[in-house]
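S.K.: What follows is the residue order along each chain.
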Amino acid sequence: MSTPEKTNPRSDPRWVRVALIAAALGVIGVLIVIPLVDVFVEAFGRGLGAYWQTLTGDADTQAAIRLTLTVAPIALALNLIFGIAAAWAISRFRFPGRTLLTALIDLPFSVSPVVAGLIFVLIFGLQGYLGPWLRAHDWRIIFATPGLVLATTFVTFPFIARELIPLMEAIGADEEIAAASLGASGWQLFRRVTLPNIKWGLVYGIILCNARAMGEFGAVYVVSGHITGRTDTMPLRVEKLFQEYNTPGAFAVASLLASLALVTLAVKTALEWKTRRDLAEAARLRSEGDAA
Amino acid sequence: MNDVNRRVLPGFRLSLGYTLAYLGVLVLVPLAACFSKAATLPFDRFWAAVSTERAIAAYELTVGASLVSAAINVVLGVLVAWVLVRYEFPLKRLVDSLVDLPFALPTAVAGLVYSSLYVESGWLGRFLVPLGIQAAYSRLAIVLVLVFVGFPFVVRTLEPVLERIDADIEEAAACLGATRLQTVTRVIFPSLYPALVTGFALSFARALGEYGSVVFVSGNMPFKTEIAPVLIVARLEEFAYAEATAIAVVLLVISFSVLVVVNLLERWSKRVYA
Numbered sequence: 241m242s243t244p245e246k247t248n249p250r251s252d253p254r255w256v257r258v259a260l261i262a263a264a265l266g267v268i269g270v271l272i273v274i275p276l277v278d279v280f281v282e283a284f285g286r287g288l289g290a291y292w293q294t295l296t297g298d299a300d301t302q303a304a305i306r307l308t309l310t311v312a313p314i315a316l317a318l319n320l321i322f323g324i325a326a327a328w329a330i331s332r333f334r335f336p337g338r339t340l341l342t343a344l345i346d347l348p349f350s351v352s353p354v355v356a357g358l359i360f361v362l363i364f365g366l367q368g369y370l371g372p373w374l375r376a377h378d379w380r381i382i383f384a385t386p387g388l389v390l391a392t393t394f395v396t397f398p399f400i401a402r403e404l405i406p407l408m409e410a411i412g413a414d415e416e417i418a419a420a421s422l423g424a425s426g427w428q429l430f431r432r433v434t435l436p437n438i439k440w441g442l443v444y445g446i447i448l449c450n451a452r453a454m455g456e457f458g459a460v461y462v463v464s465g466h467i468t469g470r471t472d473t474m475p476l477r478v479e480k481l482f483q484e485y486n487t488p489g490a491f492a493v494a495s496l497l498a499s500l501a502l503v504t505l506a507v508k509t510a511l512e513w514k515t516r517r518d519l520a521e522a523a524r525l526r527s528e529g530d531a532a
Numbered sequence: 008m009n010d011v012n013r014r015v016l017p018g019f020r021l022s023l024g025y026t027l028a029y030l031g032v033l034v035l036v037p038l039a040a041c042f043s044k045a046a047t048l049p050f051d052r053f054w055a056a057v058s059t060e061r062a063i064a065a066y067e068l069t070v071g072a073s074l075v076s077a078a079i080n081v082v083l084g085v086l087v088a089w090v091l092v093r094y095e096f097p098l099k100r101l102v103d104s105l106v107d108l109p110f111a112l113p114t115a116v117a118g119l120v121y122s123s124l125y126v127e128s129g130w131l132g133r134f135l136v137p138l139g140i141q142a143a144y145s146r147l148a149i150v151l152v153l154v155f156v157g158f159p160f161v162v163r164t165l166e167p168v169l170e171r172i173d174a175d176i177e178e179a180a181a182c183l184g185a186t187r188l189q190t191v192t193r194v195i196f197p198s199l200y201p202a203l204v205t206g207f208a209l210s211f212a213r214a215l216g217e218y219g220s221v222v223f224v225s226g227n228m229p230f231k232t233e234i235a236p237v238l239i240v241a242r243l244e245e246f247a248y249a250e251a252t253a254i255a256v257v258l259l260v261i262s263f264s265v266l267v268v269v270n271l272l273e274r275w276s277k278r279v280y281a
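Chains S and W, in that order, give the protein sequences. With the working numbering applied, the first sequence covers 241 to 532. With the working numbering applied, the second sequence covers 8 to 281.
The shape of chain S in the complex, shown without the other chains (with noise of 0.2 Å):
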């Protein structure tokens, strides 16, 4: 390793390398490992006995996970859904109006969470457009499970679409024109040809929108009420747990939401070295396709 330091232009001097390997480890040290470390120390500080308890102990505490587990994959199917249509429609066709689409798929990730959870309420509240006819029919959105899925579903809005959309385009159309010329029909299409092209793409998607949705905090805030063991999400909790000094409480729900990010980045990792190495394959086979 001591000669390309004197030849290659484009290394750098040994001390000026480890100076800033140091100061960039430094960086994310402070900034990114000691936080995570900590969440787990404070966690499991009194013992596994204690952080077991704190979890199962506490009814309210279970409620919150267990509805976590059901608005997140609400919203998740909702998005799954929109974001096949959406890619579909502006990745295989020309239409007028299919930028102007693309960049208002984008606009949630522009919206404060905060904002996002109030037009909910200025639509769906008491005082909203829609309030005094669902308080007619008896219906509950805001302060209820389904306002709950519907900031939730908002706010994770862009993530599918925008991982399909320029995954389709680079994979191009010409199989499924293909498949559709030999007589397949829409789902058989879909089924046997663009999803297994797309599904690691789709994996990626959905990972990232599940991690938003069960983490979001500023839009289900504004729309939840507060209401303990009704309306709290997973994070919702943590903040009344700290509100009500219970750290050790609100460090082990923390502590559920660090591992689900911890799985998250090992999953996106994965995908993310798979999709390297099918590229470097897929090149290699076309570099030896063009040899013979």
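Treat the hints as calculated values from the structure; they're not laboratory data. All residues carry an ideal CB built from backbone N, CA and C; glycine is no exception. Don't take every hint at face value.
As the list claims (entries may be wrong) - One-sided excerpt, in silico: chain S residues whose CB lies under 10 Å from chain W:
1) 253
2) 257
3) 260
4) 274
5) 275
6) 278
7) 341
8) 368
9) 413
10) 447
What the hints assert, rightly or not - No farther apart than 25 Å at their CA atoms in a straight line, the calculated lysine-lysine pairs in the PhoX-like style are these:
11) W/99 to S/514
12) S/508 to W/99
13) S/514 to S/439
14) S/508 to S/439
15) W/231 to S/480
Said to hold, decoys possible - A short list of chain S residues far from chain W (calculated; beta carbon distances all over 10 Å):
16) 255
17) 426
18) 517
19) 523
On the provided structure of chain S, position chain W as indicated by the hints.
M.R.: The following block gives chain W in isolation, referenced to the frame of chain S:
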């Protein structure tokens, strides 16, 4: 290709119709409701709601803290992206995937842990508080947590650009007698500017709307550490819906302006640097 596709492939009307309907019902109509609710306020009441001293202090803090945190993220992002692309070191892949943690970690968890780390008894606070650095329940705490939340944006926009820089250009600069420092500052950095601007803007836009992490660490004192989203929630909890909506509209206009500026800058930089 469009005519062929539309004749051969099924589902154009169904998929586009569903996309438009879903986008309309879930996103466009609710956002329009927000603007129309604000429009029902007489202008002087709207103006009174958005221009109270407390509201103006909140906008200033929101925009100021977001700008500072995005600027810090540019510096940290250049450092981390450079090291990850150019150098080899143990556990590099692990470090690389940890960069994305702020995208995956719920903001409430980030807020909770940052508030506990920087108080006097916390792991980092016990060193900083004796030095007079209050990084919990202060404006500094807001900036810190916004740096965390926006950290991956600059790194992830820079990495592909750094990977694509031609070795030839650097070698040419070296052959023509440039020192390494000159090559880096005059040849490499200029080609990074568009990506830096994009990363800065993404990080800034994310920070503008952030709520979950800030609410834990800031202490939420009006005029001192209250950001605009926290003020909206405070108004809502007083059942002052009209006032909350008016402030929300100001925040939306700021965010959408950032979005438009980002798009214009990207188009401009594509033309200039292409």
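S.K.: If a hint holds in the structure, say so; if it does not, say that too.
M.R.: Each hint, compared with the structure:
| no. | hint | result |
| --- | --- | --- |
| 1 | 253 | holds, 8 Å |
| 2 | 257 | holds, 5 Å |
| 3 | 260 | holds, 5 Å |
| 4 | 274 | holds, 6 Å |
| 5 | 275 | holds, 5 Å |
| 6 | 278 | holds, 5 Å |
| 7 | 341 | holds, 7 Å |
| 8 | 368 | holds, 8 Å |
| 9 | 413 | holds, 6 Å |
| 10 | 447 | holds, 9 Å |
| 11 | W/99 to S/514 | holds, 17 Å |
| 12 | S/508 to W/99 | holds, 16 Å |
| 13 | S/514 to S/439 | holds, 12 Å |
| 14 | S/508 to S/439 | holds, 14 Å |
| 15 | W/231 to S/480 | holds, 23 Å |
| 16 | 255 | holds, 12 Å |
| 17 | 426 | violated, 4 Å |
| 18 | 517 | holds, 13 Å |
| 19 | 523 | holds, 16 Å |
The structure fails hint 17 only (numbered hints given earlier).
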